[in-house]
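So the chains spell out like this:
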Amino acid sequence: MSKMTGAQAIVKCLQEEGVNTIFGFPGGAVIDLYDELLDSDIKHVLVRHEQGAVHAADGYARATGKTGVALLTSGPGATNGVTGIATAYMDSIPIVVFTGQVPRALIGNDAFQEVDIVGITRPCTKHNYLVSDPDDLVPIIREAFYIASSGRPGPVLIDLPKDVVAATIRFPEKKKVRMQTYQPNYEPHPGQVDKACRAIAKAKRPVLYIGGGVILSDAHKELTELAEKTTIPVTMTLMGLGGFPGTNPLSMGMLGMHGSYASNMAVAKSDLLIAVGARFDDRITGRLDAFAPHAKIIHIDIDPTSISKNVEVDIPIVADCKLALRAMNSWFDDWAEFDARAFADKHQPWLEQIKEWNEKHPLTYQQEGDVIKPQYVIEKLGELTGGDAIITTEVGQNQMWTAQFYKFNKPRHLLTSGGLGTMGYGLPAAIGAKLAFPDAMVIDVAGDGSIQMNIQELATAKQYGANVKVVILNNNYLGMVRQWQELFYNRRYSATVMEVTPDFVELAKAYGAAGLRAKTRDEVEAVLKEGLATDNVVIMDFAISREEGVFPMVPAGKATTEMLLV
Amino acid sequence: MKHTLSVLLQNKPGALSRVTGLFSGRGFNIESLCVAETLDPKVSCLTLVTRGDEGIIEQITKQLHKLIDVIKVSDVSEGEFVEREMVLIRVKAEAGTRAEVLRVIDIFRGKVVDVSPTTYAVEVTGPESKIKAVIDILRPIGIKEIVRTGTIAMARAPKK
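Order-wise, the sequence lines are chains A and B.
Following my numbering, the numbering of the first sequence begins with 1 at its first residue and continues without gaps.
Following my numbering, the numbering of the second sequence begins with 567 at its first residue and continues without gaps.
Simulated from the structure, these hints should not be mistaken for laboratory data.
Using N, Cα and C, we set each Cβ at its ideal position, and we do this for glycine too.
Don't take every hint at face value.
Claimed, not checked - Non-contacting residues of chain A with respect to chain B, defined by C-beta distances greater than 10 Å in every case (computed):
hint, residue
1, Gly27
2, Lys269
3, Asp303
4, Pro349
5, Ala533
What the hints assert, rightly or not - Under the rule of at most 30 Å between Cα atoms (straight-line distance), these lysine-lysine pairs were calculated in the DSS-like manner:
hint, chain 1, residue 1, chain 2, residue 2
6, A, Lys309, B, Lys578
7, A, Lys12, A, Lys176
8, B, Lys638, A, Lys175
9, A, Lys174, B, Lys578
10, B, Lys608, A, Lys175
11, B, Lys677, A, Lys175
12, B, Lys710, B, Lys677
Construct the entire structure; sequences and hints are all you get.
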């Protein structure tokens, strides 16, 4: 057992975990650790605001599937990170956040830059720690990485008193983390798998409803196999986009508040809803008593608390999505009577019905004159990138148009704040993804409101050559709230008009990035092409039709069949 | 429906706060809460009385399980169980009522633990219903102060 400082031990632990990039912002309480980082091979990315550090670590984690790491100082550094932590918590993203803390002797004294960050983040972390004994430091870090990435993933915070980091400690041998009180279950119960498959065999109008769990467990192949084997149409939550190919004929697109007409109708008429790694969020279900009223419900989820939380489930399977789907696929393969053709024939009337709904109310928009429609920008972006780019979004209309009109075919290609709905997520998350995959095209689709929430991270992008592209759908409004005010508040636009908006092209230049602008429809393609081809951080500012809405829309609290259409 | 949950959790700083934070954050209610060390000093036992329909109790149980510091959750009110609470009551005991207070306390198998010229402080233990009953009886005489521990509970051993 070798002796070293706490700071050296932290760096060594990060190396053990295979961490090569971390995102952070220094301060007095973590200065020892920063001193140690200077001599290590771990790349530290200096952000411009701590929220950006946590979002970047989150974007890195979503894009790679590995655990993202952020390092913040005590007090305001830690509190600035809270929004990022809550964002990761709501979407079950594995990150480990290190925060500095005042020396142990000063804790509780209202010392300079002291805050009880463990208390503050208790409800928005999967678990958190204050390291009160230097000898606990290494076991805690190992446990934190294990907890963050196992079971239902999530953020874990480790609060590091300055004197613990400076202390001399013994570095214990690495051994497998085993915890008495935390043993997530991955394997599906064979009896439940059997029940679920029998229900599928009997169903006439089945729907697969998939969420972020499919992506987190890398289950997209198994899911596609099940859907195709049994010819079951698939609808995705925002977090599930990319978990099943958007261009597959069985895809109905997204469901819920801004879901496709066909998806919401199919769920409402379905006799068997197979939820995979989704959690029946209110944006999906609308009015609960009208959600899937005729359907038996199968729910696959690794987290037992998700089962029957909002909607009563008939056949729960508490397991890793990938393993559960694999077991279901094997069940059908082993079933002597199984005949894929028979399934396809049996579901033909159902698929016809869905096709009819799709034809009646497709996802669409009306082109008027030469004004730029935001949906057109997203469609063009999809065409020009071949659906291959890693897309991040901010939150609001920009996010929903992206979800509706960009066809995501691969998992980990849409990084968006689904649960918490954090404006300001997209740009730092894009930087995190770009640093993980320097050769990938990474694009943040933003609104003029949300991009300003973390626009300072343009400097981070420039400093590290993370040449991300930012598409701003600029309507000089906080568009989603404006849309609600238009529809439900008698067009009283309270605090949603952005009376002052910066000149984004000039702003880009001020940061050393490139800035481009399109004001009419026929300029869109050229600007996108130039922006995507430019070897720099690029802002593309699109002046879109100002009062364009996101449709279909299920008003909050209504049944999902009560959609407002274009 | 009232439920009495017995929760074993690691005796670590902040562990209790995770439990209470879970209840306040998710809008579950706590009627009483009692916590102390078990035979193993690294483990605390927490007895928690709450109310809710089956779905809510199921959520509470699952959410408690999900906390990393929680070792075991059992709903002792699901089967046969014993529950006890203790109350300390300071009640007026003046010339005309001193004897009556003693009689009442005797009926409830309580005892006097502190005496002043005008009051008795008495101790009574029992299930919640008994505690309520003694309070109701003493109230007209004049209760000056009351402190209750909240319920602790234990499942009965199997009969066979």
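Problem - Structure versus earlier hints - violations, ascending order - result: Those not satisfied are hints 3, 11.
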